[in-house]
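Chemist: One-letter residues, chain by chain:
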Amino acid sequence: MEIIENEKKYDVVIVGSGAGGGMATKILSEAGLKVAVIEAGPYFDPANPAQQTQLKWPHESPRRGAGTTRAFGEFDMAYGGWEIEGEPYNQVGDSQFDWFRSRMLGGRTNHWGRISLRFGPRDFKGKDRDGLGENWPISYEDVKPYYDKVDKLIGVFGSKEGMYNEPDGFFLPAPKPRLHELYYKKGAEKSGVKVMPSRLSILTKRINNERGICFYCNQCSRSCSVYGDFSAGSCLIFPAQKSGGQVDLYVNSMVREVTVNDEGKATGVLYINKEDRKEYRITGKVVVLAASACSTARILLNSKSPQHPNGLGNSSNMVGKYVHDSTGSDRMAFVPEMMNRKRYNEDGVGGMHLYSPWWLDNKKLDFPRGYHIEVWGGLGMPSYGTGFDPNSLNKHLGLKVGGYGNGLREDVKKFYGSVMGMSGRGESIANVNNYCEIDPTTVDEFGIPVLRFNYSWSDHERKQARHMHETFEEIIHNMGGVVLGDKPGADKDYGLLNPGRIIHEVGTTRMGSNPKTSVVNEFEQLHDVDNVFVVDAGPFVSQADKNPTWTIMALSWRTSEFIIEELKKQNI
Amino acid sequence: MNRRDSIRSLFLGSMAGGLALESCISASEETINEKIWEYQYGRTPEEAARDEKLLATQYFENTEINVITRLASLILPPTTDGTIEDAGVPKFIEFMAKDFPGLQTPIRGGIMWLDNHANRHFDNDFINITEDQQHEILDQIAYPESKGEQKQEVKFFSLMRNLVMTGYFTSAVGIKELGYKGNQPNVWDGVPEDVLKDHGMSYDASWMPKFVDQSKRNDMAEWDEEGNLLS
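Chains B and V, in that order, are what the protein sequence lines are.
Using the working numbering, read the first sequence as starting at 163 and increasing by one per residue.
Using the working numbering, read the second sequence as starting at 1159 and increasing by one per residue.
Hints listed in this document are in silico derivations from the structure and should not be mistaken for laboratory results.
Just so it is clear, CB atoms sit at the ideal spot from N, CA and C, and this is done for glycine as well.
Check each hint, because a few of them may be wrong.
[Said to hold, decoys possible] A short, non-exhaustive set of chain B residues, derived as facing chain V with CB atoms under 7 Å:
1. Thr215
2. Lys218
3. Thr230
4. Thr231
5. Leu334
6. Leu344
7. Ile369
8. His639
9. Asn640
10. Val644
[Claimed, not checked] Just a few of them, taken from the derived set where beta-carbon distance is under 7 Å, the chain B residues facing chain V:
11. Pro220
12. Arg225
13. Gly282
14. Asp330
15. Phe332
16. Lys367
17. Arg373
18. Gly374
19. Phe377
20. Pro552
21. Asn556
22. His558
23. Leu559
24. Gly560
25. Lys678
[Said to hold, decoys possible] Taking lysine to aspartate or glutamate pairs in the DMTMM-like style, the calculated list, with each CA pair at most 25 Å apart, reads:
26. Lys1334/V to Glu222/B
27. Lys348/B to Asp1362/V
28. Lys557/B to Glu1311/V
29. Lys1374/V to Asp648/B
30. Lys218/B to Asp1362/V
31. Lys576/B to Glu1243/V
32. Lys218/B to Glu1294/V
33. Lys557/B to Asp648/B
34. Lys322/B to Asp1347/V
35. Lys196/B to Glu419/B
36. Lys404/B to Glu1380/V
37. Lys1249/V to Glu222/B
38. Lys557/B to Asp1347/V
39. Lys436/B to Glu169/B
40. Lys289/B to Asp330/B
Could you build the full structure based on these sequences and the hints that come with them?
Modeler: In structure tokens, the structure reads:
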């Protein structure tokens, strides 16, 4: 098949349009560089009525929002999921890594929880504390100026708390907690668990004249049509286009590999246009990979050439190694005092109004790293599943379960808003034996070899999950609640969810100063090829118990400035 | 042509192609057009095409839909708040059986069980026996054991109850009856005072400065160098 050449010559070719790619697009194009953005999915704008699901009712859908075609329900704004038709991936042995991909402009930033936490000073130097994993080659002080800039550019609400490892930023004011959150606060504080306002990238106050302010519909996962929350399209790529940047978007374009010249330097990328299924080449002076940690590893490993026989940037054999996700485990509670609640609009912002950062010292515990607790519940919009097992909670009240007739109406109304939940999200230890690699036996529908995963949890994560459940039960007890479900035991890894389920996978192209044990340097530049950079979560050495997005963007900004300087100096 | 008409014509255009490919269409084109127009929200072209295909076919026989409707009305008898027809429950169950094909055999088989059972004990199909006789049958299958294996007919009833309840409480009448007040632009300024009082809760005085002053939400955010919000 003939490769179709693109005549245009770009300064930078960016693969992927999520948090990392979006930020690189904005910074590089505003510096006057000519940028091509290659996105595997379709164009998406949260303000486009034809794509909008925000403010739709469940009965506007024939399946009432059930998750047949989208993993989090059909109103969720992620085109994709853990399984995508035509795009398989495999496992090694009994590994069970679940890989979530979102194929659309803006990627997973369109539906994520907007939890926007900075890594703290300790998070960059984990090995110094417990000898496990590896330190980052950079420290909090290196990244702080960029976190500050991200806060101001994108907007994040929160509160100044003065906690050493939960650094304060430039916050918008926080929304007041909801009722179930006040119950949680009461229960958690009784156990000595710190509770504070959450930190989400949602505009509770105006930050510029281009974006609207939150109108409290709770539907950030559907992507905000007034741009009141962060998504890479609304906050990075569209503003870059509007400010006159030279940005060309190539959507529905699946990158197969990075091309190189005789000297082994990158010349651009090859991609398959999903519409005509033909192969295209696009060239640029610099290639920035931001396809997501595992997709970037896949592209690098598939970029084999005489100059880079082991895949691009993989002379160390480290590409794909150290993939790690946050740990996760959840528990639900029934709070009888919240039965028969008075009704009012309790939607609030999309996500929790308060949470618990990690509050203990691991030196006194039998597991090395911490976790934070997210809280959910409230008088939410009914969705597919509301009314299932309508009166199973009756057993806690000594009443009959099951039956039929209008008593069921009363049961559903009685219990509405009386169930809440907690989710622990913790740090796992990066491990060289957890990896993704090319599976030579399988290709996707575009003929591109796919990934296979090998991943297992260790006792570090299992003991952390056990501690989560002990904490949840104590808090629920303090709240006057009833713990629902059995405490998961050793046979269930203490309730640890499969790796990949929390969708914080990082570490596949990790950063380091030693080219033998890492893939990129501290500016996310491949050790092997100086004009290729990785600005997704691949370079993360460790992931803390923090959601990665804010750090992806801070590092992408820092790397973009480095690229601009290096181009000026004609170093690359 | 107004916006609505132009969208409608786009829809018809895309569907005509789909119809040509579908060899076995049970509903007339006009009915399909009506059904598709009913559901307008952001779907990808692939999702919309999938829905068009499902809406163009019928899985349950009309006699089965009659039993589903009757059963749904026994699970949630009509009140002034709403009926299962108002809530579109039978239509929703028909759609879900095509959307999750795993539901088809349990529901079809469960309906057969109801008829067989009714015939054996009352000499008539379920739909034709008296309401008291229908209750007598439901009383045997509506109360799952708290432990151990559930019989097929009990599992069938639990499945139908789940579908009926969720179909009802995700409908316009069901949401109104439940009392959900959201899904509309508003300004959240905390739990109402009387609710706080009722639950013995309050907002800590030390937390109050952290919260958004909704009268200043439109003022442009400004900070000092330490990150203290000035506006």
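Chemist: Work down the list of hints and note, for each, if the structure agrees.
Modeler: Checked hints:
1. Thr215: holds, 5 Å
2. Lys218: holds, 4 Å
3. Thr230: At 5 Å from the nearest chain V Cβ, Thr230/B passes the 7 Å test, so the hint holds.
4. Thr231: holds, 5 Å
5. Leu334: holds, 6 Å
6. Leu344: Nearest chain V Cβ about 5 Å off; hint holds.
7. Ile369: Holds. Min distance 5 Å.
8. His639: violated, 18 Å
9. Asn640: violated, 14 Å
10. Val644: Violated. Min distance 16 Å.
11. Pro220: Holds - the Cβ of Pro220/B comes within 7 Å of chain V, reaching about 4 Å at its closest.
12. Arg225: Holds. Min distance 5 Å.
13. Gly282: violated, 15 Å
14. Asp330: OK, holds: Asp330/B within 7 Å of chain V, min 6 Å.
15. Phe332: With a closest approach of 5 Å, the Phe332/B hint holds.
16. Lys367: This interface hint holds because 5 Å falls under the 7 Å limit.
17. Arg373: violated, 12 Å
18. Gly374: violated, 10 Å
19. Phe377: It holds, given that the least Cβ distance between Phe377/B and chain V is near 4 Å, below 7 Å.
20. Pro552: holds, 5 Å
21. Asn556: violated, 11 Å
22. His558: Given a least distance of 12 Å, the restraint on His558/B is violated.
23. Leu559: This interface hint is violated because 14 Å lies over the 7 Å limit.
24. Gly560: violated, 13 Å
25. Lys678: Since the shortest Cβ distance to chain V is 40 Å, the answer is violated.
26. Lys1334/V to Glu222/B: Between Lys1334/V and Glu222/B the Cα gap is close to 15 Å, so the pair holds against 25 Å.
27. Lys348/B to Asp1362/V: Measuring from Cα to Cα gives roughly 11 Å; hence the hint holds.
28. Lys557/B to Glu1311/V: holds, 22 Å
29. Lys1374/V to Asp648/B: This hinted pair is violated, its Cα atoms lying about 47 Å apart.
30. Lys218/B to Asp1362/V: violated, 35 Å
31. Lys576/B to Glu1243/V: holds, 23 Å
32. Lys218/B to Glu1294/V: Between Lys218/B and Glu1294/V the Cα gap is close to 41 Å, so the pair fails against 25 Å, i.e. violated.
33. Lys557/B to Asp648/B: Between Lys557/B and Asp648/B the Cα gap is close to 15 Å, so the pair holds against 25 Å.
34. Lys322/B to Asp1347/V: holds, 20 Å
35. Lys196/B to Glu419/B: holds, 21 Å
36. Lys404/B to Glu1380/V: Holds, because 24 Å separates the two Cα atoms, which is no more than 25 Å.
37. Lys1249/V to Glu222/B: holds, 13 Å
38. Lys557/B to Asp1347/V: violated, 36 Å
39. Lys436/B to Glu169/B: holds, 20 Å
40. Lys289/B to Asp330/B: Judged against 25 Å, a Cα distance of about 24 Å means the pair holds.
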